[in-house]
Amino acid sequence: MTDTDLDTGLPIRLLHDRVLVRQDGSEGERRSTAGIVIPATASVGRRLSWATAVGVGPHVRTIVTGDRVLFDPEDRAEVELQGRDFILLRERDVHAVAARRVEQDGTGLYL
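Residue numbers (UniProt numbering): 1 to 111.
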């Protein structure tokens with residue numbers, strides 16, 4: 001990834017097995033499939049989140065930029081770049097990848 005930080009004007013390169021993602025939607029309230037609004041304060045066990053990969057390090061083998069990834073929001077590091085919030089993960093912290101290039105012999109689930 002070669003984004004430029006506005007404060008320093010320097011290019012950024014992800015190292016090792018790091019994955020930079022942008023969270024899909026908001027982390028606040030969400031809606032159920034029936035349309036019921038669930039507030040952010042509602043207690044829900046350990047819920048995983050989806051995000052879109054916007055950059056990957058040179059040693060990442062299974063994720064490419066643009067893939068949707070499933071991760072545990074409690075195991076993350078947040079960073080702000082160009083006024084936007086991103087999450088920095090290690091490849092091993094990603095539980096699943098959703099992309100058209102993924103083989104169909106996996107779980108049989110589709111998003």
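These aren't lab readings, by the way, just hints derived from the structure by calculation. All values derive from a computational prediction rather than experimental measurement. Certain hints may be false.
Claimed, not checked - Distance windows between CB atoms, simulated:
(1) I12 to G35: 26 to 32 Å
(2) R101 to A34: 29 to 35 Å
(3) I36 to E80: 28 to 34 Å
(4) H16 to E80: 28 to 34 Å
All C-beta atoms in this analysis are idealised placements derived from N, C-alpha and C, irrespective of residue type, glycine included.
The hints, checked one at a time:
no. : hint                    : verdict
1   : I12 to G35: 26 to 32 Å  : violated, 40 Å
2   : R101 to A34: 29 to 35 Å : holds, 33 Å
3   : I36 to E80: 28 to 34 Å  : holds, 32 Å
4   : H16 to E80: 28 to 34 Å  : violated, 21 Å
When held up to the earlier numbered hints, the structure conflicts with 1 and 4 and fits the remainder.
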